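**Student:** Residue-level listing of the chains:
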Amino acid sequence: MTNLYKSVPVRSSEITPKQVYLSRRDFMKAATVAASAALLAACAPSVTEMPQNAAPAPTSTATDELGNPVNTYEDITNYNNYYEFTTDKQGVAGLAKDFKTIPWTIEVGRLVNKPKTFGIDDLLKTFTQEERIYRLRCVEAWSMVIPWEGFTLANLLNMVEPTSEAKYVRFETVYRPDEMPGQKSPFYSWPYQEGLRLDEAMNDLTFLATGLYGEPNVPQNGTPIRLVVPWKYGFKSIKSIVKIELVAELPATLWNAIAPNEYGFYSNVNPDVDHPRWSQASERRIGELSRVPTLPFNGYGEQVASLYDGMDLNVNY
Amino acid sequence: MKKFPYTPLQIAIHIYAWFGIALLIFDFATGNISPNPVQDLEQRTGRHALTLLVLLLLCTPINTLFKWSEPLKRRRALGLYTFMYATIHVIIFADLDYGLAWSRLLQEVIQKSRLVVGAIAFILLIPLAITSFDIWKKRLGKNWKRLHQLVYFLAPLVVLHYLWSKKGDILSLQGEILKPLIYGLIIAIFLIVRIPPIKKALASFSTRMMSLLPPKKSAA
Numbered sequence: 000m001t002n003l004y005k006s007v008p009v010r011s012s013e014i015t016p017k018q019v020y021l022s023r024r025d026f027m028k029a030a031t032v033a034a035s036a037a038l039l040a041a042c043a044p045s046v047t048e049m050p051q052n053a054a055p056a057p058t059s060t061a062t063d064e065l066g067n068p069v070n071t072y073e074d075i076t077n078y079n080n081y082y083e084f085t086t087d088k089q090g091v092a093g094l095a096k097d098f099k100t101i102p103w104t105i106e107v108g109r110l111v112n113k114p115k116t117f118g119i120d121d122l123l124k125t126f127t128q129e130e131r132i133y134r135l136r137c138v139e140a141w142s143m144v145i146p147w148e149g150f151t152l153a154n155l156l157n158m159v160e161p162t163s164e165a166k167y168v169r170f171e172t173v174y175r176p177d178e179m180p181g182q183k184s185p186f187y188s189w190p191y192q193e194g195l196r197l198d199e200a201m202n203d204l205t206f207l208a209t210g211l212y213g214e215p216n217v218p219q220n221g222t223p224i225r226l227v228v229p230w231k232y233g234f235k236s237i238k239s240i241v242k243i244e245l246v247a248e249l250p251a252t253l254w255n256a257i258a259p260n261e262y263g264f265y266s267n268v269n270p271d272v273d274h275p276r277w278s279q280a281s282e283r284r285i286g287e288l289s290r291v292p293t294l295p296f297n298g299y300g301e302q303v304a305s306l307y308d309g310m311d312l313n314v315n316y
Numbered sequence: 000m001k002k003f004p005y006t007p008l009q010i011a012i013h014i015y016a017w018f019g020i021a022l023l024i025f026d027f028a029t030g031n032i033s034p035n036p037v038q039d040l041e042q043r044t045g046r047h048a049l050t051l052l053v054l055l056l057l058c059t060p061i062n063t064l065f066k067w068s069e070p071l072k073r074r075r076a077l078g079l080y081t082f083m084y085a086t087i088h089v090i091i092f093a094d095l096d097y098g099l100a101w102s103r104l105l106q107e108v109i110q111k112s113r114l115v116v117g118a119i120a121f122i123l124l125i126p127l128a129i130t131s132f133d134i135w136k137k138r139l140g141k142n143w144k145r146l147h148q149l150v151y152f153l154a155p156l157v158v159l160h161y162l163w164s165k166k167g168d169i170l171s172l173q174g175e176i177l178k179p180l181i182y183g184l185i186i187a188i189f190l191i192v193r194i195p196p197i198k199k200a201l202a203s204f205s206t207r208m209m210s211l212l213p214p215k216k217s218a219a
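Protein chains in written order, with numbering that gives the first Met the number 0: chain A, 0 to 316; chain B, 0 to 219.
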């Protein structure tokens, strides 16, 4: 079926100009203000002051390397899949508001010569932070373009020196059911865990994000440190990491354990391998209405396709 | 003065049914929608259709248990509202989401089981909506009831459609399955209490309970 719907690179001319969709949002905001003003006026005629807009949500004129404009800060921080808080994407920001991230340590160990526990401040000081604008493609067939701040995972791994037996990297999210209500749900085997093959982890694209839009990361986006693997479906990019382990065996991952036929270990973005229950051929870019074709490896094939030479990606999905 | 022609139950049903659309329009107009508005619309109209279907299936058990027959008369309205939301749901999917690209749409629908069951449920709703009027009831006679019993088959399909649209696995009770599971259990209960021996037992139980209550004055 996918022949019908080939994956062609999206030309920048086909993309809704940012000003257009921004103006749509402005219109909605203006309408909100007008409507709430009308409501206020109706309920309390004495109110004379118009509600002032809070500090304007940051936007950026930046684009990714394909010319896709980055999403607004508001969209990125208010539409989150973070089941540790809730399965309601718009509900995460509110529930995560008071999530405590100080102090925070990340234990890096197992098959390494120099195991080390880093405080988040050590990481920020030790590794130069840079900006990376990455497309994020959710397995639910929506996507965003996000300007992350952070550093490559390879920098961290090189520092701890993986031994020759190390073949995979295993990541684990913090487990705090008292602060993360979703972790009380019996339908998931918390804590969240994810994994990469060592060569995937060492790829220059594989990133540890500590910030967003030039500011420190916010809880709903995985404070204080999260993985970003832009050529894989979003659930591989584990949030709020407390443990990174170099291991010899393929590590278990949360979604793979739930439904192995739906969420493979690799989970590379691939329009030709559909999720068993929905198509992955196209996606909806948040902020736009129509669908755009999904690109193999989410458009990062040049940098990562060679990692999978000789592998059948229909089997190793 | 004429008597007010609507019962409280009728008013409640109409208000509830239209409130869903009113809220959608209000949220859209005020920008109170998710950054993924098409999906938002799909999910909200779908959930609303399913909720109305549950209320529809509740009518008979209420009559069985409480000997209150008015809900039986409201099944038509609830059924038609279910159809209305299902239709909006399907139009949004075909038009807003897939831009009426029929060949792609058809391919997607026949390949994905969640869309197959959703489509079957919707197609089955169409004859039920058309024949929900008295003239068809007369014309079809006994067959009318048989036709409308399709809803017992259709309702579980809708729950399957909902369940399969979420990330999870029902057999291992893992993932995002809580809401579909709740809807499924409620519908299962509402269907079970229709099985003749169970219905009979419930009805006689209800009669006994009622006889314990102090007699009502206004009963006609």
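Rather than coming from a laboratory, the hints here were simulated on the basis of the structure.
Computed from a prediction, not measured in an experiment: that's the story for all the values here.
Incorrect hints may have been included.
Said to hold, decoys possible - If you only want the chain A side, here are some residues facing chain B, beta carbon under 7 Å, derived: (1) Phe98; (2) Pro102; (3) Tyr167; (4) Ile257; (5) Ser278.
Claimed, not checked - Listed next, the in silico EDC-like pairs over lysine to aspartate or glutamate satisfying Cα-Cα at most 16 Å (straight line): (6) B:Lys111 with A:Asp271; (7) A:Lys99 with A:Asp74; (8) B:Lys72 with B:Asp133; (9) A:Lys166 with A:Asp273; (10) B:Lys165 with A:Glu244; (11) A:Lys115 with A:Glu178; (12) A:Lys113 with A:Glu164; (13) B:Lys111 with A:Glu261; (14) B:Lys165 with A:Glu261; (15) A:Lys183 with B:Glu175; (16) A:Lys113 with A:Glu160; (17) B:Lys165 with B:Glu41; (18) A:Lys166 with A:Asp198; (19) A:Lys99 with A:Asp177; (20) A:Lys115 with A:Glu244; (21) A:Lys242 with A:Asp87; (22) A:Lys99 with A:Glu148; (23) B:Lys178 with A:Asp87; (24) A:Lys124 with A:Glu148; (25) B:Lys111 with A:Asp273; (26) A:Lys113 with A:Glu244.
Virtual Cβ for every residue (Gly too), placed ideally from N, Cα, C.
**Student:** Starting from the hint list further up, note which numbers the structure goes against and sort them upward.
**Tutor:** Failing hints, ascending: 1, 2, 3, 7, 9, 10, 11, 21 and 22.
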